[in-house]
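Residue numbers (the working numbering), protein chains in the order written: chain A, 1 to 121; chain B, 1 to 107.
These are computed hints drawn from the structure, not numbers from a lab.
Heads up, simulated PhoX-like pairs for lysine-lysine below, C-alpha to C-alpha not over 20 angstroms straight-line: (1) A:K44 <-> B:K103; (2) A:K82 <-> A:K65; (3) A:K13 <-> A:K82; (4) B:K42 <-> B:K103; (5) B:K39 <-> B:K103; (6) B:K103 <-> B:K45; (7) B:K42 <-> A:K44; (8) B:K39 <-> A:K44; (9) B:K45 <-> A:K44; (10) B:K107 <-> B:K39.
According to the in silico footprint, chain B covers these stretches of chain A (three or more CB under 8 angstroms from chain B): (11) 42-49; (12) 61-67; (13) 105-113.
Think of the CB as a built atom: it goes at the ideal place given N, C-alpha and C, for glycine as much as any other residue.
Each chain, written out:
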Amino acid sequence: QVQLQESGPGLVKPSGTLSLTCAVSGGSLSSSHWFNWVRQPPGKGLEWIGEIYHGGSTNYNPSLKSRVTMSVDKSKNQFSLKLSSVTAADTAVYYCARDSAGIVRGYFDYWGQGTLVTVSS
Amino acid sequence: DIQMTQSPSTLSASVGDRVTITCRASQGISGWLAWYQQKPGKAPKLLIYKASTLESGVPSRFSGSGSGTDLTLTISSLQPDDFATYYCQQYNSYPWTFGQGTKVEIK
Numbered sequence: 001q002v003q004l005q006e007s008g009p010g011l012v013k014p015s016g017t018l019s020l021t022c023a024v025s026g027g028s029l030s031s032s033h034w035f036n037w038v039r040q041p042p043g044k045g046l047e048w049i050g051e052i053y054h055g056g057s058t059n060y061n062p063s064l065k066s067r068v069t070m071s072v073d074k075s076k077n078q079f080s081l082k083l084s085s086v087t088a089a090d091t092a093v094y095y096c097a098r099d100s101a102g103i104v105r106g107y108f109d110y111w112g113q114g115t116l117v118t119v120s121s
Numbered sequence: 001d002i003q004m005t006q007s008p009s010t011l012s013a014s015v016g017d018r019v020t021i022t023c024r025a026s027q028g029i030s031g032w033l034a035w036y037q038q039k040p041g042k043a044p045k046l047l048i049y050k051a052s053t054l055e056s057g058v059p060s061r062f063s064g065s066g067s068g069t070d071l072t073l074t075i076s077s078l079q080p081d082d083f084a085t086y087y088c089q090q091y092n093s094y095p096w097t098f099g100q101g102t103k104v105e106i107k
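Between the sequences and the hints, there should be enough to build the whole structure, so can you do that?
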């Protein structure tokens, strides 16, 4: 059973950088899946942030692309998200999620439990 | 970006009711649509992908249909465990986008 677990600071100062890590267990990061970040502001809907493949290829949401960096650490079977120049609008629950593998992919079959990140001074 | 619009935003229903939620895409998505269920404080759970394919382990009372720009999620007989918020998501083209959600409440 694949499990994903987010970790990182729950409080980030405005203009700072949000940094989160997602540890993958029960499966390999080096499989044929892409791994994603999705966020959800309190009481609002879901927003896809971007995805990364084990080889380092990435796709980012254009609305966040200038501030997002994703990376993988295959030795630790985990991947990471950095979001720079944060504001209160970046306050959200951040989820990591595994993409479905296959010829057509893009939906998420496994999710982490989510971690709340608050941007405040 | 492809905009996904769900209706209704909130739905009040009783146990045993047949419930239908609609998701309209701003352009054709060739059936590349997923549906998720989310309960308070929990991560979304995949219900359906490719518009109508039921994810393993999901009860058969859930079904998806539609094509082009108008797709639907139907719960044939609402159960107590089904009161939750439901989201559609297109994966036809980047960036992947979600509908705003439909909250299914107890009537």
